[in-house]
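Sequences are here, hints too, so could you generate the full structure?
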Amino acid sequence: MTFRTDKGELLAGLIIAVIGSCFLFGAFDYRVGTIVRMGPGYLPMAYGAITLFLGLLIMLLSLGRDGEVPRPSLRAALAVLLSIASFGLFLPRVGLIPAILVAVLIAMRGDPDARLKTSLILAGSVALAAWLVFIEILGLTMHALRLPF
Amino acid sequence: MDVWNDILLGFEVALSTTNLMYCFFGVFLGTFFGVLPGIGSLAAVSILMPITFYLEPTTALVMLGGVYYGAEYGGSTSSILLNLPGTPSNAVTCIDGYPLSQQGRAGLALFMTTIASFLGGTFGILALFGLSPIIVSVALAFGPAEYFAIMIFGLIAAATVTQDAPAKGLAMVALGLLLGTVGTDINSGVARYDLGYFELHEGISFIALAMGLFGVSEIIISITSSVHKPFNQKVTFRSMIPTGDEIRRSVMPIIRGAGIGGLFGALPGTGPSIGTFVGYAVEKRISRDPSRFGKGAIEGIASPESANNAAVQTAFIPTLTLGIPGSSVMAVMMGALLIHGVAPGPQLMNNNPDIFWGLAASFWVGNVLLLVLNLPVIGLWVRVLKIPYRFLYPTVICLICIGVYSVRTSTFDVALVLLFGLLGYVLRMLKFELAPLLIGFILGPMIEENLRRAMLIYRGDFLEIMQRPISGSVLGLTFLLLVWTGWKIVHNRRRRTREAMDLALSANE
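Those protein sequence lines, which keep their order, are chains A and B.
The opening residue of the first sequence carries number 1 in my numbering; numbering runs sequentially from there.
The opening residue of the second sequence carries number 1 in my numbering; numbering runs sequentially from there.
Watch out, some of these pointers could steer you wrong.
To be verified - Here are the simulated distance ranges between beta carbons:
{"#": "1", "chain 1": "A", "residue 1": "E68", "chain 2": "B", "residue 2": "I7", "range": "52 to 58 Å"}
{"#": "2", "chain 1": "B", "residue 1": "R285", "chain 2": "A", "residue 2": "I121", "range": "52 to 58 Å"}
{"#": "3", "chain 1": "A", "residue 1": "A129", "chain 2": "B", "residue 2": "Y197", "range": "29 to 35 Å"}
{"#": "4", "chain 1": "B", "residue 1": "V490", "chain 2": "A", "residue 2": "L14", "range": "20 to 26 Å"}
{"#": "5", "chain 1": "B", "residue 1": "T243", "chain 2": "A", "residue 2": "V133", "range": "43 to 49 Å"}
{"#": "6", "chain 1": "A", "residue 1": "K117", "chain 2": "B", "residue 2": "F53", "range": "33 to 39 Å"}
The hints are simulated quantities; they were obtained by calculation from the structure and are not laboratory data.
Since the structure is predicted, the reported quantities are computational estimates derived from the model, not experimental observations.
Where a beta carbon is used, it is the ideal one built from N, C-alpha and C, also for glycine.
Here you go:
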C-alpha cells in the first residue's frame, strides 16, 4: 500500500513536532514542580508537550492528501539573509556607512535583474541618507566610519 | 460628567504640537508602507517601532497608532490599483476595488475608501470612548482566573477563527508560547533556555522577533513574487466624486460595516481581517442584486473599508483597558507600551488618564489627518507604486538592521533577526500564518503569571476557575470554539475527499 501524503504538510508537522520535543526535553532540566507550586519547567513542559502533539496532529492530517514540498526561492533568501549577516558583522567593526554599502549591494543580488551601477548608486544614497537621519539627526550611538585596528 | 473631562484632557494631549507632528509622521509613513505591496500594517509597525524609543510613551503610541491605520488605508490603495493587497485585511477590497479601477473609476474607489475608512474609524473611536470606562470598571473586579480565561480565549480565537488550517494556527500559538518562556523566570530566577547567552536572560528581544519573522520574511517572499503591472491611469480629482446614487448606496454598507468591524475588533484574538470578510459577506447576502459584486459594486468597498477601520480602532479597547492584545498588531503596540514602562490594563485609565485619553483622542485626530492627507496626495502614492521593488527592499533591510541594532546596541539582536527571518520564511513557505505566534509570545508570560496566581489562590483546584461565573463562561466559549474548530477540520477533510472522488468519477466517464 502506498502512502498518499501531502509532503509539504508532513514536513510542516515534522518541524513543529521536532521544535516541540526539543523544548519539552529541555524543560526537564528545570524543576517542574506541581500545579500548585509551579517550577520554572512546568509551563515550558506543558507548552512543549502541546506543540509536540500539534505537530503530530498536522502530520496525521497530511495523510491521505496530495501535495508537494514547496520550493523556496534560494536566491532571494540567501541575498537577504547574507545582507543582514554582513551588516551585523561590519557595523561594530567598520561603522555604519561601509555596513550599509555592503548590505545593500548583497541584498540587490537577490533580484536577478539588478545591475551593478544602479546597485552602487542605491547603496551610496541609502548610506548617505541613513548617516544623515540616524547619526546626525536622531543621534544614535554608532560609528559612521572607523578603522578596525 | 467625569468622562467629558477626560475626553477634553485627551484632546488637549492629542493636539499638542509634538503629538500632532508625530501623528502626522505616523500616518504618512504608515500609508507609505501600507501602499508598498508586501509590507503590511504588522511589518510597518514592527519596523518603525524602534524609531519611537526616543519619544515619550504617549507620543510613541500616537505615532505607532498613526502608522497602523495609515498602513491599513495604504493597503487598500494597493488593492484597488494593483489587485495586490497591502495588508491581509485589504484582500477583500481587491474583489470590487480592482474591477472599478479597471473600469477607469479608480478615483471613485479611492475616494469611497477614504470616506468609508474615516466614518468607520470614527465609529470605532466613539465605541472606544464610550465602552472603555464601562469595561474598566468591570475589569477591576477581574481576578487572575478571569484574565487567564480571557487570554486563553484570545489565543484560541486568534489561532482558529481566521485560519484555513486551524491546527497550524494553534501550532503557531504554541510556538509563540514556547518562545515566550525563553528568559529568566520571574518566580524562581532560573534562566530558561538561554543556551549560555546572557543576552537571552531577559527573553528573546521582541523587536528582533517581530522584525525578523514579519519584516524579513515578508521581504524575501515579496522579492520573488513582485508582479509589477505598471499602473497607467491618471487619477484626477473629478474622477473621485461619486454620483448621488453611489452615495446613497454606500450609506448603509458603511454603517453595517462599522458595526460588524467594531464588534470583531473588540474581541480579543480577532481583528480587522475577519471583520472585513464578514462585512463583505453580509453586504453580498443582503444586496438586492448580488451579481453586481465582484464587478465593481461600490458596496463591496464601502462596507469592508468601514469595517476595517472600525476594527482597527476597537482593537485598542481590550488592549488598553484589559492589557490583552486584540490582535497581533496590538501585541506589538503592547510591546511598545511595555518597553516604555507603561503597563496597559484597568489601572491605566485611572493612573495615567492623560496617556489613555490622549491616545484615544489622537486616533480621531489621526483619522482626520488621514482624510486630509490622502485626498490631495493620492497622486504621490500612485507614483510610489511605480518604484521598482528592487530599490525599496534593500532600504527596508537596512532600516530593519539599524532599528534592531539601536535598541540595545547589540549585534546579537541582529543575529536574532537573521534567525527569525529564516524561521519566518521557512514557516511561511510551509503555509503557516505567523500572526498567532506573536500573540502567543506576548501572552505567554502573562498567562503563566495569572495561572500561577490563580493556582495559589484556589490551592491547585483548577475546577475553581471553571466555576467562577466570568472565567467559567469564557472558558466555556473557548471550549465551544475548539469543538467548532475540530468539526471544521473534519468537515474540510470530508469535503476534500468528496471532491477528489467526484473528480475521479468524472474522469472515468
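Verification of the supplied hints:
Here the CB-CB span from E68/A to I7/B is close to 57 Å, well matched to the stated 52 to 58 Å. Separation of R285/B from I121/A is about 53 Å and conforms to the stated range, judged on CB atoms against 52 to 58 Å. A beta carbon spacing of about 33 Å between A129/A and Y197/B agrees with the range 29 to 35 Å that was offered as a hint. The hinted range of 20 to 26 Å is satisfied by V490/B and L14/A, whose Cβ atoms lie roughly 22 Å apart.
The given range of 43 to 49 Å is respected by T243/B and V133/A, whose C-beta atoms sit roughly 45 Å from each other. The hint said 33 to 39 Å for the Cβ distance between K117/A and F53/B, and at roughly 37 Å that hint holds.
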